[in-house]
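Use these hints to put chain B onto chain A, whose structure you have.
Single-letter residue listing:
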Amino acid sequence: MELLPTIWFIAIAVLWTGYLFLEGFDLGVGMLMKLFARNNTDRRVLLSTIGPVWDGNEVWLLTAGGATFAAFPLWYASLFSALYLPLLVVLVALIFRAVAFEYRGKVDNDQWRARWDWAIALGSFFAAFGVGAALALTTTGLPLNANGDREGGPLAWFSGYAVLGGLAVAGFSLVHALAFLALKTDGEVRRRARRWFVRLLPVLLLPIAGWALSIQVLDGKPWTWALVLLAVAAAAAAWNLARRAAEGKAFLALGAFLVLGTASIFGAVFPVVLPSTLDSAFDLTISNASSSDYTLGLMSVVAAFGLPLVIAYQAWTYWVFRRRVSAAHIPEAHSFLPAIAAKAFTAKG
Amino acid sequence: MDALEIARWQFGITTVYHFMMVPLTIGLGLVVAVIQTAWHRTGNPAYLRMTKFWGKLFLINFIMGVATGIVQEFQFGMAWSEYSRFVGDVFGAPLALEALLAFFVESTFLGLWIFGWKQLKPAIHLACLWIAVIGSVFSAYFIIVANSWMQHPVGVEMVDGRPVMTDAWAVFTNNTALVAVPHTLFGALAVAGGFLLGIAWYHLWRRRHDGVDTVGADGKVIAGEAPDIPGRDRDDHKVWLRSLRIGAVVAMISFAGTAITGDLQGKLMFEQQPMKMAAAEAACHDGTGFSVLSVGNLGSQSCDDIVALIEVPGILSYLAKGDFTTEVQGVNSLLPQYQEAYGTHLPDNPIYGERAGQEIDYLPVMEVTYWGFRMMIGFGGLAALAALVSLWLTRKGTVPESPWLMRLAVFGILAPFGANAAGWIFTEMGRQPFVVAPNPDPNGIDQVFMFTAAAVSPGVTAGELLASMVALTSVYAILLVVEVKLLVKYIRGGVVSAMPELVHAPVDENEDATPGSGGSGGAKPADDVLAFAY
Chain A
1 MELLPTIWFI AIAVLWTGYL FLEGFDLGVG MLMKLFARNN TDRRVLLSTI GPVWDGNEVW
61 LLTAGGATFA AFPLWYASLF SALYLPLLVV LVALIFRAVA FEYRGKVDND QWRARWDWAI
121 ALGSFFAAFG VGAALALTTT GLPLNANGDR EGGPLAWFSG YAVLGGLAVA GFSLVHALAF
181 LALKTDGEVR RRARRWFVRL LPVLLLPIAG WALSIQVLDG KPWTWALVLL AVAAAAAAWN
241 LARRAAEGKA FLALGAFLVL GTASIFGAVF PVVLPSTLDS AFDLTISNAS SSDYTLGLMS
301 VVAAFGLPLV IAYQAWTYWV FRRRVSAAHI PEAHSFLPAI AAKAFTAKG
Chain B
1 MDALEIARWQ FGITTVYHFM MVPLTIGLGL VVAVIQTAWH RTGNPAYLRM TKFWGKLFLI
61 NFIMGVATGI VQEFQFGMAW SEYSRFVGDV FGAPLALEAL LAFFVESTFL GLWIFGWKQL
121 KPAIHLACLW IAVIGSVFSA YFIIVANSWM QHPVGVEMVD GRPVMTDAWA VFTNNTALVA
181 VPHTLFGALA VAGGFLLGIA WYHLWRRRHD GVDTVGADGK VIAGEAPDIP GRDRDDHKVW
241 LRSLRIGAVV AMISFAGTAI TGDLQGKLMF EQQPMKMAAA EAACHDGTGF SVLSVGNLGS
301 QSCDDIVALI EVPGILSYLA KGDFTTEVQG VNSLLPQYQE AYGTHLPDNP IYGERAGQEI
361 DYLPVMEVTY WGFRMMIGFG GLAALAALVS LWLTRKGTVP ESPWLMRLAV FGILAPFGAN
421 AAGWIFTEMG RQPFVVAPNP DPNGIDQVFM FTAAAVSPGV TAGELLASMV ALTSVYAILL
481 VVEVKLLVKY IRGGVVSAMP ELVHAPVDEN EDATPGSGGS GGAKPADDVL AFAY
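Protein chains in written order, with my numbering: chain A, 1 to 349; chain B, 1 to 534.
Calculated directly from the structure, the hints in this document are not laboratory data.
This list has only true hints and no planted wrong ones.
Here's a subset of chain B near chain A, in silico, CB distances under 7 Å, partners left out:
#1 E73
#2 G88
#3 L95
#4 L100
#5 L101
#6 T108
#7 G111
#8 V164
#9 S457
#10 V460
#11 S468
#12 V475
Away from chain B, derived, C-beta distances all over 12 Å, residues of chain A:
#13 L3
#14 I10
#15 L200
#16 G255
#17 T285
Idealized CB from N, CA, C, for every residue including glycine.
Isolated chain A, as found in the complex (with noise of 0.2 Å):
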């Protein structure tokens, strides 16, 4: 077994890991605009819990990409090419989340604000469904042939895994992102969210329960069944934690259900990163789809110190920001009129 793209496989299973746990409440916060948000106030609160850090959590997503890119080019190129139109979805919906937090407060009006909102909720559910829809797939395969091309059109990517992939990222967001209000917001949400955590947990976790178990059961391994069985205790103690009002608790129980799960998965499947359901002889694997062993060590040193660097300073924001945020620190809309308005000007030199 080769080391170098070993320790890749593994770097590759942290980064979305972690985009899944970063990422994941604040794309579930974006769809909790339209479902659990009340007024522009409630709005407003929870955006703010995200508004410092999503950006920075997004950066995830990119360098899973991009060290997909760099560690396994023909695993990129074969997953990505074969799920154009998904990631389509996910890109296009992922600059209108983007823009949306920038621009909604941008302008002082009821219209303007109810369309950013709702670019913000589709947004996020869409780059969450389409983000576990790909991650599910290269789990289970793609009809890919022995140069690792998509056979059968633009939609022969499809298939039950993939509603399931995408079901399960955008529940788990969901569960996660009111673990993350209860425990970032105080009043009247942080209550309310804590409610909704304990009432959904058990049918927003059921999708991702499902793709771990299809996993198992398809390449199962001892260790990774042993890991769904903690997975499985970690969501019923967070569960029981948010009941108890133990927030923070709760959060990191879920977040430890999220470590095990993506564990359990990644594990299962290696060493194959992206089977071929036409032939397993296409399979693409850690062996048949890595970039050198000296591109792959030169990565090695670099992600060495930027990796526990980039976690150092991302803690440190979350550190500064840590204040739970509630309706009483919400600023009033800022309006302003044009500074040139045509008037009679009095006072001169």
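Coordinates of chain B only, in the frame set by chain A:
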């Protein structure tokens, strides 16, 4: 159009669009960081206003760069899978490092800067902006390293038909990148300079037009106040005059910078991609003269149709070699050399699709290279000249009353954008028909090259590509309208648009950051609101 042509159009549209936002982000970020530093050191309130106002416009634009940047990383795999497979070992690394070492820094620290006005100590808050801006500069470096490898492959050897990195130092210090990075950064600063100049001119003109500022008998400005309009006070005049002068100086310095680095880059390109430079000149025959105006049918791609009307002897030699006499090879001498080195026909390989076996046209589209090259230099030079004239016209502290000059200054904002776009279109289309241009250095690695015709995703249909091109182009068009409308709204609003405290009840600026009070719950006093919230 077939899949390849649509994929190329899509890449061109999305990249040129992305690179409208990026130079403004890099250039304006640097300028805002310098201004905030000036505020930090002097405490002058005019600098705080400038930081807030230009910072607000910076953010409105920044987010568009972020949003459109994701498309760039994804589309290599989506639309150009054969390219990604071929170059992945060497090209993926700078992209991954860009995300890991630069974009993370930029996004995280910019978030700290936007939301941290109260939470962070002033020096740390300022440091966050600097770190974010330096992150954006590194981001540019990594992306240009990747691009430069396509222009001039180094540091690899061929293993099983694919280039494999053997010398990372060579890749990351590719001489093509080392001159392209400062060229691009100066280009970005030119955009920022024009942006400041045009907008500041507009506000100074408006103050004069509205009678707020007047001009004394000696021609010097007498700054006034309009007490019924928030923010239209005497400091406001300082804000715009200083912004205008900073913008003009930045524009001139950056033009000098682009000229010097561009000259170095040109000399390299004459060695590395002689056909690109011959096409930039529409130079069919060997010679020494620089064409100021060539007529004829550039689009015919035939040298018989082109006549150089005005030519400056010796200049082409100077651009290429640094003297005035060396003959520079024209298209007619280069074509046989390319055909001999890289073949006359595309190989009969299925990855070329319908193009397998077709004759190769080594001449880039001359209309684009010839005019792209001249638009880059022309727009850049015009902007710098306009900046110089602006400094003269505003020497007495305000702008002339002429509405036409004001309109010219505002529309002039577009010139450096045009120069940037023209430069990139020239250099990317000048590289055709290669996506990875061969490195002609006799000691180099001559067999590492890739024709664009082989780069597109074989499994992706033309229909998918068309759908994405239409979708992305429409989304981009809508968002461009929205961005420009918002920019105009905030520009017209003036400083107060970025400083609610100038119109609402004043918030105590010196309030201590006390981030330790979290978790207590309940209502907060009214002055405990967030410094900024979406």
